[in-house]
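Participant: Okay, here's what each chain looks like letter by letter:
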Amino acid sequence: MIATKNRIKALFEQGDKEVLSIYFTAGYPNLGDTVTVLKSLAAAGVDMVEIGIPFSDPMADGPTIQQSGQRALENGMTLSLLFEQLENIREEVKIPLVLMGYLNVVYQYGIELFCKKCSELGIDGVILPDLPMDLYEEAYKATFERYGLSFIQLITPQSSEERIRKIDALSDGFIYMVSSAATTGGAGQFSEAQEAYFERVRGMNLSKPTVIGFGIADHESFQAACAHARGAIIGSAFIRAIRGVDTEELAECIHQFVQKIRFGN
Amino acid sequence: MSTNYQVNDKGYYGQYGGAFIPEMLYPNVEALKARYLEIMADAQFQADLQQLLRDYVGRPTPLYFAPRLSAHYGTRIYLKREDLNHTGAHKINNTVGQILLAERLGKKRIIAETGAGQHGVATATVCALKGMECIVYMGATDVERQAPNVARMRMLGAKVVPVHSGDKTLKDATNEAIRDWIRYPEETHYIIGSVVGPHPFPDMVARFQAVISEEMRRQLKAATGSECPDHIIACVGGGSNAAGAFYHYLEETQVNLIAVEAAGRGLQSGHSAATTALGRTGILHGSKTLLMQTQDGQVTEPYSISAGLDYPGIGPMHAHLFSSKRAQFQYVTDEEALTAAFELSRLEGIIPALETAHAFAALKHLSFGPKEVVVINLSGRGDKDLSTYIKHLND
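Here the protein sequences line up with chains A and B, keeping their order.
Residues 1 to 265, numbered by this note's numbering, are exactly what the first sequence covers, in order.
Residues 1001 to 1395, numbered by this note's numbering, are exactly what the second sequence covers, in order.
Derived by calculation from the structure, the hints in this document are not laboratory data.
Any given hint might turn out to be false.
[Stated by the list, open to error] Here are the computed lysine to any residue pairs in the SDA-like style, where the Cα-Cα straight-line distance is at most 25 Å:
id, chain 1, residue 1, chain 2, residue 2
1, B, Lys1108, A, Glu192
2, B, Lys1010, A, Tyr136
3, A, Lys94, A, Lys260
4, A, Lys166, B, Gln1295
5, A, Lys117, B, Gln1295
6, B, Lys1168, A, Ala169
7, A, Lys9, A, Asp47
8, A, Lys141, A, Asn6
9, B, Lys1033, A, Ala169
[As the list claims (entries may be wrong)] Computed footprint of chain A on chain B, listed as stretches where at least three residues anywhere in the stretch have a Cβ under 8 Å from a Cβ of chain A:
id, region
10, 1047 to 1055
11, 1174 to 1180
Idealized CB from N, CA, C, for every residue including glycine.
My request is simple: use the sequences and hints to build the entire structure.
Facilitator: Okay, structure coming up:
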């Protein structure tokens, strides 16, 4: 099955919709929960999902996601198994799906085979934080494009305008705008420096939509992020919400989590 | 001179190396890449570095002809005495250089990872010297088993942060140091302790350690009439002391380079740190290199009696020396290393670090002619390993 052309692009073409994207770790809380979580997120009205491929050494992740990955690996999660679990996912889940992981796992699987598999299963995009733009362009871009996969890249408050322009030109789907690694202020509040950064990026009128990630945890911070970008990605807060939840209760738990993010209490 | 074994302008040694870093680290790594060569070539920088190496570190370190060890193995063995450096190992060659570099980059806060604690102590030392804030990440397991070095770092004013993720050893400490750098990129310089990490770290650390072979050439010329020995032996975890000992001989292929990795309880025991024997190409801590890992690409936990060799990868320079066959790799078990430590202690009155003992143990695997010149890089002294040695004294 070839992926329906560009679900990510279609999503961002829907006017001023506030895009809610959720990250979760495959094989967490239990090995067999991947599809349950995905279906529940789609049913709860989430717009896009990042499926985390667990890795032993996730250097760009905070403690919550690290622990979920560790747990998933202990559960027996592998990339091959993830692909098996996603075999029929497009029969039910229609929202854009993005795989997020570290380069080594994909490299060992084989870049070409990985892209082919993603394309067959209907995966729309890939985020590999430790594959920087320059190396992507040099060695991987042609393969990703041949299989119609969006390669989504990160920008940070330290990224120069020149760098952001280059990422905008080279990336596909959307730009993952890291809010700030050192989050300060209470929930729902961004610092002045962060807001200035969001506005600096907005003022650049990039060709790709931006989505804010890191430090988005609740209704207030989601709203605040949407005031500066097309949407936001929630990872750690979601992992915490489903930690230790039984498989039968995941759907209800996820429904409530998403309701709270969208509408507050 | 051709440079088949040096880093190329893209940061690779053959197919190994590169800078596989998240965007959050790009500005720091890029600034370092743009400036490290220029800073290191600066006359004032060199003057400051040479002065510290001489008056503070205690360089040049002696090249000592070891008569009883030589007689025992029927060859001519010289020891490069890096154990006589301030803080007891070669690690300080790199930290002195990097702290001067950090000053010129305008950084105020220093972070480091450490396994056995030698690099942590060397970093804490230069931070005290320069009055800079110092945070050392150390696996919780290592914090417990290397208590004296933890105490030294604290006495020097460093904050030691125990790392509880993964196996709680060097690999995990490195992950945590990288996360710190991602959180505080602007004010922080990360002093990596080995020839690992994203380009330009492997090359920069190798250049700071290259003082070892620079001195060796001079000292060998005076002692033997030739700058080149027949063989150089060094232990390899990440590979910084070996990089320093090999550096000025890389392109002189008549010099046999022998790198010794820790086989732990044996290559096939499942408890080993012999990356070149057990690993395959992968990406960890910012570079493409040889890596011990599962079929699925999960990095496996290494094992060695020596915390400094307990690393699942190897610097990209060494991965290239291995795959190009420029260096010969040897694998030494815990038992062999312990035996070698006792042998050196009793033949020459020198107690080596457990890491270094691996280099000496390789003597038993090899045979050299009576006229051949062998240099062993005596990378560190054994004070820190006394508790391990005492356990085996009565065996």
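Participant: Hints first: check each against the structure and report whether it holds.
Facilitator: We went through each hint and held it up to the structure:
A distance of roughly 24 Å separates the Cα atoms of B:Lys1108 and A:Glu192; the hinted pair therefore holds under the 25 Å criterion. The hinted pair formed by B:Lys1010 and A:Tyr136 meets the criterion: a straight-line CA distance of about 14 Å does not exceed 25 Å. Between A:Lys94 and A:Lys260 the CA atoms are separated by roughly 22 Å; this keeps the pair inside 25 Å, and the hint holds. Annotation: proposed proximity of A:Lys166 to B:Gln1295 is violated, straight-line Cα distance about 35 Å (limit 25 Å).
Straight-line distance between C-alpha atoms of A:Lys117 and B:Gln1295 comes to about 18 Å, which keeps the hinted pair within the 25 Å bound. The hinted pair formed by B:Lys1168 and A:Ala169 fails the criterion: a straight-line CA distance of about 41 Å is larger than 25 Å. Proximity of A:Lys9 to A:Asp47 is assessed by CA-CA distance (about 12 Å); at most 25 Å being required, the pair is judged to hold. Between A:Lys141 and A:Asn6 the alpha-carbon distance is near 17 Å, which keeps this suggested pair within the 25 Å criterion.
Our distance criterion of 25 Å between C-alpha atoms is met by B:Lys1033 and A:Ala169, whose separation comes to about 24 Å. With 0 residues having a beta carbon nearer than 8 Å to a beta carbon of chain A, the region 1047 to 1055 of chain B misses the requirement of three or more and the stated coverage is violated. A count of 3 residues in the region 1174 to 1180 of chain B with a Cβ less than 8 Å from any Cβ of chain A is obtained; the coverage claim is therefore met, three being the minimum.
Consistency with the previously given hints fails for numbers 4, 6, 10, ordered from lowest to highest.
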